[in-house]
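Chemist: Single-letter residue listing:
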Amino acid sequence: MSTHPTTPAQTVGPYLHIGLPWPDGPYAVAEGAPGAVWIRGTVYDGAGEPVTDALVETWQADPQGRFDHPDDPRGARSHPGFRAFGRCPTGADGGYGILTLKPGTVPGPHGDQAPHIDVSLFARGMLHRVVTRLYFPEEEAANAADPVLNSIGDPDARATLVAGAAPDGYRFDIRIQGDGETVFFDV
Amino acid sequence: MPTAPDAASAPSGLYVPGYVRDHDTHPPLDHPGYRSTALRHPRRPPTLLPHTLTEITAPVLGEDRVGEHDHDLTRGHDGEPQGQRIIVHGQVRDSGGAAVPHTLVEVWQANAAGRYRHTGDNWPAPLDPHFTGVGRAMTDAEGRYRFVTVRPGAYPWRNHRNAWRPAHIHFSLFGRAFTQRLVTQMYFPDDPLFFQDPMWNSVPDPRARERMLARYDHDATRPEWALAYRWDIVLRGREQTPFESDEEILEDDE
Ligand SMILES: [Fe+2]
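Chains A and B, in that order, give the protein sequences.
The first sequence begins at 0 in numbering that gives the first Met the number 0 and counts up one residue at a time.
The second sequence begins at 0 in numbering that gives the first Met the number 0 and counts up one residue at a time.
The set of hints was computed from the structure by calculation and includes no laboratory data.
Listed next, the in silico SDA-like pairs over lysine to any residue satisfying Cα-Cα at most 25 Å (straight line): (1) A:K101 to B:V59; (2) A:K101 to B:G12; (3) A:K101 to B:Y14; (4) A:K101 to B:P49; (5) A:K101 to B:L60; (6) A:K101 to A:W37; (7) A:K101 to B:L13; (8) A:K101 to B:G61; (9) A:K101 to A:S119; (10) A:K101 to A:R73; (11) A:K101 to A:H78; (12) A:K101 to A:D71; (13) A:K101 to A:A141.
Full structure from sequences and hints, please.
Modeler: This is the structure:
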């Protein structure tokens, strides 16, 4: 097999809004769909200031833990009306919001994983994306058994990956640097 | 590298081969030459995430995301934009050499004068009423993409004294897996501004920098209409399973 070296990443820069947001980006599922929840949060920099030129993307399983993708060995399965992918730029307050369905349990190499959403963050001033995961606060037992969460030794760090409850969904702030710094993954 | 667990230790496990990790290619998040990285890089080292189903899958986006003329940035206005018309094309492959077909490629760029159509861009260069600077295309069955646009101009920014960005086009790619997601910039050959550009120089390996560089492609030009550049993009490929690796060794011995 020939191995071709990969293309380097570069920052989205300050003008990402020209190319990346989609009108339907924040809606992984339509408004009013049964079970739809908002995931909202603010992105903060190392000075605690909101980051107003970032883009948040989410990718996840459907409520049955399935993916509409040919590489899932269980078979691709679509969940009608559900895109499983969300994309939202941050606003003038550093906030973002994505309307989605709560994912189901997803099998991992060593048993089940707790319901989770993979999150990518792009921004001016970030030469490459960073990746984190969102877990759900009501899933205490599943979270306690989750191998990825358990690979993080510091409980305060681990807690940065568990969303807060909100009236219409969940709250998931992302702190890029400093106090309460979100756990990011080498993906 | 992920290893397959034996069945006894993981009765309910579902192991899937992951994607190669390509840290050597990418810029560090903390790059003092690019001042905005100072407050925007994590201090804690990243936690290793094994590749599970969530990481080896990605949205399968259909042709409905792309309009018929979205690959042509010179259309959609009442007239033609100012500047040098160019064709930018290439192939998207993975590091194993396989084409990445039917994947969304999104681009955005400054106009020929180096000005972005964005409220945050106020430097004294003209906007072009006939240029927005955004394009989209799906790769074909062989992973090929093609855009028609105008060559973007260089533009100043406030990173350091008399700082100018080399001409570039911003690219965003999905690939077929979450691990393959890539946002980057395409540069033009022989740009005199690389020496002072912290973005270009943030990539530690000079050979990796060259992989952000398009090459002039005379064969792809259209006579009396447009010049052409070719830029191939390589996304991360799949880890070989142990079985496939054994096969490779046998093939290599032949
Ligand atoms: Fe730019």
